[in-house]
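Student: The residues making up each chain are set out below.
Number of protein chains: 2
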Amino acid sequence: MALIVQKYGGTSVGSLARIQTVAQKIKTFKEGGAQLVVSVSAMSGETSRMIKLAKEIQDVPSLREMDVLLTTGEQVTIALLSMALQQLGCDAISYTGAQVQIITDSKHGKARIKSIDGHRIRSRLDEGKVVVVAGFQGIDEFGHITTLGRGGSDTTAVALAAALNADECQIYTDVDGVYTTDPNIEPKARKMRSVSYEEMLEMASLGSKVLQIRSVEFASKYQVPLRVLSSMIDKPIGTLITREENIMEQAIISGITHNKDEAKLSLIGVPDKPGIAYKILSPISEANIEVDMIVQSVSAREGLTNFAFTVHRNDFNKAQAILQSTCKKLSAIAVQSDDKVVKVSLVGIGMRSHAGIATQMFGALDKENINIQMIATSEIKISVVIDEKYLELAVRSLHNAFGLDKE
Amino acid sequence: MALIVQKYGGTSVGSLARIQTVAQKIKTFKEGGAQLVVSVSAMSGETSRMIKLAKEIQDVPSLREMDVLLTTGEQVTIALLSMALQQLGCDAISYTGAQVQIITDSKHGKARIKSIDGHRIRSRLDEGKVVVVAGFQGIDEFGHITTLGRGGSDTTAVALAAALNADECQIYTDVDGVYTTDPNIEPKARKMRSVSYEEMLEMASLGSKVLQIRSVEFASKYQVPLRVLSSMIDKPIGTLITREENIMEQAIISGITHNKDEAKLSLIGVPDKPGIAYKILSPISEANIEVDMIVQSVSAREGLTNFAFTVHRNDFNKAQAILQSTCKKLSAIAVQSDDKVVKVSLVGIGMRSHAGIATQMFGALDKENINIQMIATSEIKISVVIDEKYLELAVRSLHNAFGLDKE
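Sequences listed follow chains A and B, in order.
For this note's numbering, count along the first sequence from 1 and bump the result up by 15.
For this note's numbering, count along the second sequence from 1 and bump the result up by 15.
When chains are identical, the list treats them as one kind, so a pair holds in a single copy or across two.
Here are the simulated lysine-lysine pairs, DSSO-like style, with alpha carbons at most 27 Å apart:
hint, residue 1, residue 2
1, K129, K236
2, K70, K40
3, K42, K70
4, K333, K344
5, K67, K42
6, K45, K70
7, K40, K206
8, K250, K42
9, K40, K67
No lab work stands behind these hints, which were simulated from the structure alone.
From a predicted model like this one, the values you see are computed outputs, not experimental measurements.
Can you make the complete structure from the sequences, with help from the hints?
Tutor: Right, dumping it as structure tokens:
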């Protein structure tokens, strides 16, 4: 008998009516003949409500106590969902993270799962029960309650699937799968049947908000087939995220992602000496600003170089001020900055074996007179920074140029 | 250093502001130089709200899942109270029932505590922390979450005090102690400084809603000094419930209690044969009706007896119908019933060594022309059933007759 782990997020269990709908779905699925473990989040809104309470009572709420508080959210959901299943005649039992020994490290608010004891869950499955497990939470080796941080319910589901050696981990969400690009920008965007872990990782980090990146990493590490589906559609197929080898027909390019939160900073005319990159970036890191793309190029003037990088737009002003001071220290010529840029990326495992993808990409952008300001490449991804006004045009041109609308 | 266990009920922690007030109280107490363990209930209203949710989702909510649901209530309180304490600079840490191994039997919704592991709590106390423990909850030996039933937070506090060998267990509530009688009836009612476990048990079972009877039993069994105090008053003294030997000046009579929920049923002219009491009461018990006082008396007619008992007024109609049918079966003469009666009781350990208390009681009632319908006596209690219209008069006359208004 197949063993499936399903995960339903906060919106899917956001009201009693929705919990009842999810229960009906689970019951139907179970009757199809599978063993089922279900991981759930807190009802939507609950987590924010509790964070607000905590902040009213403590200026900087204790991370440990915050975890004690927040984990009640999923505990409510597992109880109500189990009751809803029982009401439908579907035998079910709930477990908190502590009860099934989801052991994490001790980093409250962003703990990482170290191990799960599948023994108790297996016994209940063998009794024919649906096992409902609280997502997002665990305990550390000292028995303190921990949380995995926002989106941690996905990770719980994948970790459960890995621990139980499940056949598939299904993440039910409000979208029905992973698309070749943002359908809001390119209506011809196509839902992918399958995509590799590696590609999904590149897409998740680039802003496709379908899955938490950590859950994909986990799935990749333990080779858990992961499926994203809609909890709103009746018989969903979704998108399967799996090992490259399991994908029958690998497209050269899988998808195009974009990121609107970029801002670009450049230091012009820096004396080209060893350690320049470190001298420029270390004050930025010390201010807790994360740097995304980095490009160092030779300047027109002899012995000088230009150094450019991107940061999140929220950090733009802070980074700019730091860079001005660095500019003086290093006797560079000038700081240039621009927060009206976006990043557009092409992702595809096929890139590794197909030459000329970058050329094809730059050609497609050139055809539309879109100026490329920065370029970064990895094995399965090419990213460019462009003026934000070209975002939609660039995404649509590339989607068309690489034939992503065709199966 | 003294070790004190304090318990704050749902009303005392019913809002963020009240939680902050309780935190201030705890901090002040701690600064007085004691180790402190604090047990708390769910914020008032939360438990009822969750029961309502559960009933909307399952016709007869699963007792196991109900416990998983309800225990989130105290878990929220322990986190918020710990945060409030930390905000005041008072180091604190929260624990759920499971975390401090409050092991109970497996009767969901009304579990009984079997043991508590005081080890973890002691370590935190030795670190100078206030330890905040969720009341009302535990886990059974299989790791299932259990609750002790309504009022179980008192029991948790007493059990913690017993396990930790605490110097005193303080129950903070909305009254400032145990009174010689209901102050609403007799304004001269006096707050007792101390009362014995045995007396408190008799008074609790008779309707003084100050303490849960199980917590007094527990305190008595483990000889935990128990103090009832008001959480509303600044420097409360309250009433100490302790061993008889610890009470310096034991009054003959400690208090007068009353119960307005009584209804009386009599079977008149039953043939006086062995097994009559069983034949009359077993159909009542089978209908889950609890019987309080029982009196069997000789009838005026030869070979016949009269049998009378009291039940809760809610059960009056049901019990009457059953008794009518029993009347036919046993060929008794008639059923007499009256739900306009009350029970008034005199409680006092001194009774054991003082003769004539009953006579004095009956004399005081006679003086007011109050007819006594039933009498029941125990070692430290005399109860009478009278017409409900005499309730206030009887309580005041007895309070005066035994000089209870004087220290």
